[in-house]
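Undergrad: If you want the building blocks of each chain, they are given just below.
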Amino acid sequence: MAAPAPQRDPTEDRLAAMVLPQNGWTDAARKAALARLRDMGMPNRRDEYWKFTRPDTLVQPQAPSAGLFVNDEGPLFDDMDRLKIVFVDGVFDPAASDDLTMSGVRIDRLAEQADIHWAADLYGQLEAAGHYVPRPLAALNTAYASDGVLVHVTDKAKKPINLIYLHNDENSDAILHHLIRLDGGAELTLLETGPAAARLNKSMEVDVADGATFHHIRAQGRDHERRAVTHIFARLGAGSVFKSFTLTVNGRLTRNECVIELTGDDAIAHVAGACVGDGDFHHDDTVFVTHDAERCKSRQVYKKVLRNGAVGVFQGKILVKQGAQKTDGYQISQSLLLDDDAQFLAKPELEIYADDVICSHGSTSGAIDDEALFYMRSRGVPAAIATDLLTLAFLAEAVEEIEHENLRDALVERLRGWLMRHRT
Amino acid sequence: MLTIKDLHVKLEEEDKQILKGVDLTVEAGKVHAIMGPNGSGKSTLSYVLAGRDGYEVTGGTAHLDDVDLLDIEPEERAAAGLFLAFQYPVEIPGVGNMTFLRTAVNAQRKARGEEEMSAAEFLKVVRARARELQIDADMLKRPVNVGFSGGEKKRNEILQMAMLEPRMCILDETDSGLDVDAMKLVATGVNALRDAGRGFLVITHYQRLLDHIKPDVVHIMADGRIVKTGGAELALEVENNGYADILAEVA
Numbered sequence: 087m088a089a090p091a092p093q094r095d096p097t098e099d100r101l102a103a104m105v106l107p108q109n110g111w112t113d114a115a116r117k118a119a120l121a122r123l124r125d126m127g128m129p130n131r132r133d134e135y136w137k138f139t140r141p142d143t144l145v146q147p148q149a150p151s152a153g154l155f156v157n158d159e160g161p162l163f164d165d166m167d168r169l170k171i172v173f174v175d176g177v178f179d180p181a182a183s184d185d186l187t188m189s190g191v192r193i194d195r196l197a198e199q200a201d202i203h204w205a206a207d208l209y210g211q212l213e214a215a216g217h218y219v220p221r222p223l224a225a226l227n228t229a230y231a232s233d234g235v236l237v238h239v240t241d242k243a244k245k246p247i248n249l250i251y252l253h254n255d256e257n258s259d260a261i262l263h264h265l266i267r268l269d270g271g272a273e274l275t276l277l278e279t280g281p282a283a284a285r286l287n288k289s290m291e292v293d294v295a296d297g298a299t300f301h302h303i304r305a306q307g308r309d310h311e312r313r314a315v316t317h318i319f320a321r322l323g324a325g326s327v328f329k330s331f332t333l334t335v336n337g338r339l340t341r342n343e344c345v346i347e348l349t350g351d352d353a354i355a356h357v358a359g360a361c362v363g364d365g366d367f368h369h370d371d372t373v374f375v376t377h378d379a380e381r382c383k384s385r386q387v388y389k390k391v392l393r394n395g396a397v398g399v400f401q402g403k404i405l406v407k408q409g410a411q412k413t414d415g416y417q418i419s420q421s422l423l424l425d426d427d428a429q430f431l432a433k434p435e436l437e438i439y440a441d442d443v444i445c446s447h448g449s450t451s452g453a454i455d456d457e458a459l460f461y462m463r464s465r466g467v468p469a470a471i472a473t474d475l476l477t478l479a480f481l482a483e484a485v486e487e488i489e490h491e492n493l494r495d496a497l498v499e500r501l502r503g504w505l506m507r508h509r510t
Numbered sequence: 339m340l341t342i343k344d345l346h347v348k349l350e351e352e353d354k355q356i357l358k359g360v361d362l363t364v365e366a367g368k369v370h371a372i373m374g375p376n377g378s379g380k381s382t383l384s385y386v387l388a389g390r391d392g393y394e395v396t397g398g399t400a401h402l403d404d405v406d407l408l409d410i411e412p413e414e415r416a417a418a419g420l421f422l423a424f425q426y427p428v429e430i431p432g433v434g435n436m437t438f439l440r441t442a443v444n445a446q447r448k449a450r451g452e453e454e455m456s457a458a459e460f461l462k463v464v465r466a467r468a469r470e471l472q473i474d475a476d477m478l479k480r481p482v483n484v485g486f487s488g489g490e491k492k493r494n495e496i497l498q499m500a501m502l503e504p505r506m507c508i509l510d511e512t513d514s515g516l517d518v519d520a521m522k523l524v525a526t527g528v529n530a531l532r533d534a535g536r537g538f539l540v541i542t543h544y545q546r547l548l549d550h551i552k553p554d555v556v557h558i559m560a561d562g563r564i565v566k567t568g569g570a571e572l573a574l575e576v577e578n579n580g581y582a583d584i585l586a587e588v589a
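So the protein lines, in turn, are chains L and F. For the first sequence, my numbering begins at 87 and goes up steadily by one. For the second sequence, my numbering begins at 339 and goes up steadily by one.
Any given hint might turn out to be false.
[Stated by the list, open to error] Sample of chain F residues lacking proximity to chain L, with all beta carbon distances greater than 10 Å (derived):
(1) Glu351
(2) Gln355
(3) Thr363
(4) Asp391
(5) Asp404
(6) Ser456
(7) Pro481
[To be verified] Okay, the calculated beta carbon distance ranges per label pair:
(8) F:Gly392 to L:Arg509: 19 to 27 Å
(9) F:Gly397 to L:Leu436: 54 to 62 Å
(10) L:Asp207 to F:Ala475: 53 to 61 Å
(11) F:Ala475 to L:Asp351: 39 to 47 Å
(12) L:Asp164 to F:Arg465: 31 to 39 Å
Bear in mind the hints are in silico, worked out from the structure with no lab data behind them. It should be emphasised that the depicted structure is a prediction, and the values quoted were computed from it without experimental measurement. The beta carbon of each residue, even a glycine, is placed where N, CA and C say it ideally should be.
Let the hints inform the model, and build the full structure from the sequences given.
TA: Quick look at the structure:
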């Protein structure tokens, strides 16, 4: 009988392949994050929040390679006036990026040796506070992030910032960490587009001060084979607004975690996502919204269109702390299963410690409505087009969370294109 | 124009024969009415012609001119010129009424090898037709049939018919759920479409609708067959004496 192979520690295996970056002002935060990571250990299937998603490929030392995807769709938001910041396989590309100056906003890079006080107070802090459940891949990110942007918004930003993530190397393994701070009353729209890398681990910590407004619209790249784990940690001051929408088209594995703390009264948080997957596609939205102030509103709206073995996961929680009276919390997660092979796994959770709140949640799985399909066909609309229209109608509730009409239209066009390419 | 011969239909899921040999010919320019008691197979006939799932044709044929209807998909039947006004128009949340109509009109045009209607041209035509049916701009913008009253849904059916300009129109109990004023409005819409090149098959329980849409021929359907055919006076006979007398007479 062969002796069993010695037990290997996946955390140390991964860390052995990496070098802890040094850049002065983040060093203490990185060391603290590394200690958190070692304490938690890498995620595995036995962990409560990893039951539906296999973390192996996100954890293993080498990024699984991912082929490059080319189609004839042009870059997203190309006709919009925005400030472009380009990362190629996780490396900042100054030549492709715009000048990083804009009135009302100060933009720096994480990789630069600047001592940036506001960022030093934020780096890793919201992540560290966000471990209501262990998020070891976020701690890994804080410890090892190689680059990212530090965006300090002091006023109304003149135009959106677009982080553009290009993927040119089939074996790239990127770790990016962004910090966004909005001062009182400041406003920013942040766009994120592109696949980024064969494997991406991305974190964003967003500190939204009283009365500030942050809009975030993200389109995760169309690469079929890419993998990604992302975290958003947001802290919302009184009367502030945070709205985030994510479109996910393709990708073998995507885990998007969103951790939001409503810490000031009358704050508003909307998080929404639409994803479409065909075949080897696994998409996981794990959302945790904490109400820790009075009269705050939160909405979680997630819609998934799945077919041909694609898997969708939704784990969403609303935590209402004691004293968070007049909370208005809403959560909906729905899937449209276009065939019998697709799968949707949902775990909605409410945990409420205040007695004067409204919280509602719902989760459904369904197929295309046969009655509606026949009705449309009887008017001459071919089955494929009718199915596309019904699918877009299903996604509409999530897509309508995007306030900017031109951004919304651009994303709907992307969805339309995907649906046309993925007809039966 | 519409030629149905010895049509036999059963439910797909269970062993239940609904149509037991329907013979019917509707000529261009004519309005035929089918009346009959509940469960006689009137609505099944309309669904089978339109191509709804759940039925199995076990015998017979149905042609629109020389097009074999039973051999093609619902959207191909529509493009060939068949239109069914539903008894219960379907609500489609999230799909705008205008988007739906324009998609349908242009899909049919494309299927027939005709040029698609431009957005501007479409808008002009749809506004004019909608006005005639007292359909306001708000109804056009709303999702298909969502939140429409019974009367609004039926008027919306007639608007679709007016936009699609089918050669053969089947109206399945279009009068159900309508008050007298709404029925008149719908009838006016239908009558405006009467044309030498267009046939109508009006399915109804009651003679009321036929006061407003004057039929050329009236058929009585019972137990999956046409049991009696006559002129408009046959509808009056049903109104006065009920179906029992007629059914007893043909039994």
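Undergrad: Confirm or reject the statement that F:Asp391 sits farther than 10 Å, beta carbon to beta carbon, from all of chain L.
TA: 7 Å, violated
Undergrad: Beyond 10 Å on every Cβ pair: is that true for F:Gln355 relative to chain L?
TA: The claim stands: F:Gln355 keeps its Cβ more than 10 Å from every Cβ of chain L (closest is about 22 Å).
Undergrad: I want to verify a distance hint. Is the separation of the beta carbons of L:Asp164 and F:Arg465 within 31 to 39 Å?
TA: 35 Å, holds
Undergrad: Can you let me know if the beta-carbon spacing of F:Gly392 and L:Arg509 is within 19 to 27 Å?
TA: 24 Å, holds
Undergrad: For L:Asp207 and F:Ala475, compare the CB-CB distance with the range 53 to 61 Å and indicate the outcome.
TA: Check passed, 54 Å falls within 53 to 61 Å.
Undergrad: With respect to the beta-carbon atoms only, verify the hint that F:Ala475 and L:Asp351 lie 39 to 47 Å apart.
TA: Given range 39 to 47 Å: holds, Cβ gap about 41 Å.
Undergrad: May I ask you to test the hint 54 to 62 Å on the CB atoms belonging to F:Gly397 and L:Leu436?
TA: Hint holds: Cβ distance 58 Å, inside 54 to 62 Å.
Undergrad: With 10 Å as the threshold, tell me whether F:Thr363 passes as away from chain L on beta-carbon distances.
TA: 22 Å, holds
Undergrad: Confirm or reject the statement that F:Ser456 sits farther than 10 Å, beta carbon to beta carbon, from all of chain L.
TA: 18 Å, holds
Undergrad: If we take the beta carbon of F:Pro481, is the closest beta carbon in chain L still more than 10 Å away?
TA: 8 Å, violated
Undergrad: Is it the case that F:Asp404 keeps its Cβ farther than 10 Å from each residue Cβ in chain L?
TA: 19 Å, holds
Undergrad: Evaluate the condition: distance from the CB of F:Glu351 to the nearest CB of chain L exceeds 10 Å.
TA: 14 Å, holds
Of the hints listed earlier, those the structure fails to meet are numbers 4 and 7, in rising order.
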